[in-house]
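Protein chains in written order, with my numbering: chain A, 1 to 622; chain B, 1001 to 1263.
Bear in mind the hints are in silico, worked out from the structure with no lab data behind them. Note that beta-carbon positions come from the ideal geometry of N, C-alpha and C, so glycine has one too. Careful, some of the hints might be misleading.
Stated by the list, open to error - Calculated Cβ distances over 12 angstroms to all of chain A for the following chain B residues:
1) 1191
2) 1215
3) 1229
4) 1249
5) 1251
6) 1253
7) 1254
Said to hold, decoys possible - Each pair of labels, with its calculated beta carbon distance range:
8) 1249/B - 212/A: 34 to 40 angstroms
9) 1167/B - 212/A: 25 to 31 angstroms
10) 1212/B - 280/A: 39 to 45 angstroms
11) 241/A - 1161/B: 20 to 26 angstroms
12) 1249/B - 403/A: 52 to 58 angstroms
13) 1167/B - 352/A: 35 to 41 angstroms
Unchecked claim - Residues from chain A that face chain B, not an exhaustive set, calculated with beta carbons under 10 angstroms:
14) 111
15) 112
16) 123
17) 274
18) 395
19) 402
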Amino acid sequence: MREEISDMSEDDETGERARWAPDLSKNRSDDSDSGPGPPIGDSPPPFSDQVLENVLENVLEFLTSRRDRNAASAVCRSWYRAEAQTRRELFIGNCYAVAPHRAVERFQSIKSVVLKGKPRFADFNLVPFGWGAQFEPWVKSFGAAYQHLERICLKRMSVTDKDLTIIAESFPLFKDLTLICCEGFSTLGLAVIAERCRHLRVLDLIEDYLEDEDDEVVDWISRFPETTTSVESLVFDCVTCPFNFDALERLVARSPSLQRLRVNHHVALEQLRRLMARAPQLTHLGTGTFRSEVGFGEVDPNLDLVSAFGASRSLVCLSGFREIEPEFLPAIYPVCANLTSLNFSFANLTAEELNPVIRQCHNLQTFWVLDSVGDEGLRAVAESCRDLRELRVFPLDPTEDSDSSVSDIGLQFISEGCRKLRSILYFCQRMTNAAVVAMSKNCPDLVVFRLCIMGRHLPDRITGEPMDAGFRAIVMNCKKLTRLSVSGLLTDKAFEYIGCYGKLIRTLSVAFAGDSDGGLRYVLEGCTRLQKLEIRDSPFGDASLISGLPFYYNMRFLWMSSCNLSMRGCKEVARNKPNLVVEVIRDAVEEEEEEIEAVEKLYLYRSLAGARTDVPAFVKIL
Amino acid sequence: MWLVNETKPTQVRENKTKEKKLKERREEKRRKRQLRNRNPSLRREREMSVETERSSTESEVSGLDYEETALTLRLPGGTSRVAGSEPDRKRGFSETVELGLGSDAPVGTRGVGSTDDQSDESPESQASVAEKPPAPKARVVGWPPVRSFRKNVMKSCKLVKVAVDGAPYLRKVDLEAYTGYHQLLTALQEMFSCFTIRNYPDEERKLVDPVNGTEYVPTYEDKEGDWMLVGDVPWKMFVESCKRVRLMKSSEAVNLAPRAQHS
């Protein structure tokens, strides 16, 4: 499912790629995004070297992995130049790590850009509005430099309608716009993109927050010119405003290459059927509202959904299912056996309602679901989906003291049935160490393990012990683990284990865990591949922060909020590491000018660009 | 010619002011959102202190019990004004009504399905209404870590149609926007503006059209297709099972199961 794009924090292009071999001159591998290299602006080489360089360029064209490219660029000046000339995709994991002009100076023939902005905890309202990550300076630099730019993918950036207009005006070959968790734009900007990007193939809007204009909702769908027939992917379920359905139907009808279509909740089943009739070649379909418009409980006799799905022989991914009326679910039976990806995470289904569907999904590899299906529902998943690689179980009621119907029992079922599991995200209220241990043993291929026990500091529900043992087993037994999120009652011991065994971990999320500075110390010293560390509400103080000084240059960022940090400690870090940007973020600005010693939110990241100039009033850079 | 030219400048001016207004409104919204995001805990405290302040003033002003005479309705007891709080599941409608004078929290101001609401903002349930002995922990921002997008989608999926006997139009309400029957009825009252809510001593609620004195009883169709009286089951159960609402004329409501049979 295209949703894997939303998991862009898994920066590995493919899971099967060989690991990056450590550079022996440093104490740990350097996973820097654009690689080190000699300074820009050397004099051109003599003629014979030029020939060699040309040959090299031809070879390097085939090198696509950015880690390999970073390595190649470090060999010597000639290789550095050749690599810079041949790089086609620019990946910038932190938009503040490098200045736009510098990126543009080094890489001059870029066709595709991936750019990430705010720290992930911004998704949970921990980063105040207006913090930064404006796309504007980037789009202006790109607009001036990259005539052949075809693809832009942004995650957690602030994008305005004006930026979208610049895209439409600057890149005549533009093909692919993917915006994930972005905000700041509206249907006005979408209309400009639709209208002016003549070669647009992909417009994917994933979990963005659009500015609402009560008075002027632009019908952007109808702005796609009649001549546009190249659309391959159109995802807009997060665009909450209504649109002209007939225009969409016409667009779909004239787009023979259309493979992915995800509509918003303004599309009900009757309309969905019409769309499906126009595009039987679809591979990925996101339904809108999975209920009939006609009346509650009444079925339009003309609504033949079953044959619509029956005709869609190519469907491999289904999602949407908002406001689901379960009596319509049987319509999807014809495609179940072909599905590799199914997203029921907005469908409030019981185990009984899920059962007949999931029993037929033998080939499912990705499954997202709500905990409303309960442990019983998960048992059915475990028995039916032997090939499952990714499972996400979301809470129907995402509040801390809600009742969740899934527990350690469901996790146990899954671990026994889905042995090939690679990635799991599991929200629950009750968990045991035993179930987590079982998963670590049954699913040794796990790369991503994210467990969210929603009640804070909850111990093993049977033994009453901390969840240390469970996570210990995970890091010990899952030798490929690169991403870990912990929860529940955890002592420093848990972090000792993580530091000891979690040698491949790149991303670690910690919340309401640990006893003392020791916990964080273990992680910083032990996890040699650590790139992204985000911590909230844990008792780690200045001492632990300072203990990480030798490692921060090898990480992309560190986030710590509601811990025990003070200005003194943060200032010491800033003083010691000039290429680190240390941001202290406050919530309320109305307070007095005098400095508060306690640091509520700390965000630090390595950067070649130095302190950014667009800081809002509530951010202080030390 | 002169007339044509005359209209032009004003037209341009109008467009500019319209654009300006739009811009201002957007800025306003951003500022508001910024303030909301800035310090939810601070805002929570402020809300709570305002509420307690107001209730003390009221009791000082007069010895009158406003509940009986007021035309505008207040929320009973100390239920929070922000949706997303968790009233005890076992507490039924009648218990909600029983609660005494409370704060002057404006009703229905939460707004229907506001998209940038943070559902973890609710203040702690005040002790007066808590039936579960330990008050729930203070909610923390951003926990559990579920994105707003997902929260909003799950939130606004309880739109039901409301029909009034004799009225030619339907309205839709989002049941998730309300925390109890009282809020819902008040919203209905506002929506169909011709009604006032009449309180009955046996805790029944009826909507009355003051023009002709016709009484309407709020009823709803549940998942099984049965028509029930609104208020008989606990609020959450009602939200879960309600498919549509009908304000039935009292005279026709005799066929529904009498209230006494429901506990």
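Against the structure, the hints:
Taking the minimum C-beta to C-beta distance to chain A, about 19 angstroms, the non-interface status of residue 1191/B holds against the 12 angstroms cut. Taking the minimum C-beta to C-beta distance to chain A, about 26 angstroms, the non-interface status of residue 1215/B holds against the 12 angstroms cut. Distance check on residue 1229/B: its Cβ is at least 19 angstroms (rounded) from any Cβ of chain A, clearing the 12 angstroms threshold; non-interface status holds. Its beta-carbon lying about 21 angstroms from the closest one in chain A, residue 1249/B satisfies the requirement of being farther than 12 angstroms from that chain.
Consistency note on residue 1251/B: stated as away from chain A, and its beta-carbon is indeed over 12 angstroms from all of that chain's, at 25 angstroms minimum. Even its closest Cβ contact with chain A, about 20 angstroms, leaves residue 1253/B beyond 12 angstroms, as expected for a residue assigned away from the interface. At the 12 angstroms boundary, the C-beta of residue 1254/B stays outside the reach of chain A, the nearest C-beta of that chain being 24 angstroms off. Taken as a hint, the range 34 to 40 angstroms holds for the pair residue 1249/B and residue 212/A, whose Cβ atoms sit roughly 39 angstroms apart.
Taking 25 to 31 angstroms as the suggested C-beta distance range, the pair residue 1167/B and residue 212/A conforms, at roughly 30 angstroms. Separation of residue 1212/B from residue 280/A is about 57 angstroms and departs from the stated range, judged on CB atoms against 39 to 45 angstroms. Between residue 241/A and residue 1161/B the Cβ separation comes to about 21 angstroms, which falls inside the hinted range of 20 to 26 angstroms. Taking 52 to 58 angstroms as the suggested C-beta distance range, the pair residue 1249/B and residue 403/A does not conform, at roughly 39 angstroms.
The supplied range of 35 to 41 angstroms is met by residue 1167/B and residue 352/A, whose beta-carbon atoms lie about 38 angstroms from each other. Interface restraint check for residue 111/A: the shortest CB-CB distance to chain B comes to about 30 angstroms, outside 10 angstroms, so the restraint is violated. Proximity of residue 112/A to chain B is violated relative to the hint, the smallest CB-CB distance being about 26 angstroms (cut-off 10 angstroms). Here the hint on residue 123/A is kept, as its CB sits about 5 angstroms from the closest CB of chain B, short of 10 angstroms.
Contact between residue 274/A and chain B, as hinted, is not supported at the beta carbon level, the nearest pair being about 23 angstroms apart and thus beyond 10 angstroms. With a cut of 10 angstroms, the hint placing residue 395/A at the interface with chain B holds, because the nearest CB-to-CB distance is about 7 angstroms. Look at residue 402/A: its Cβ gets to within about 8 angstroms of chain B, closer than 10 angstroms, so that hint holds up.
Violated hints, listed in ascending order, are 10, 12, 14, 15, 17; each of the other numbered hints is respected by the structure.
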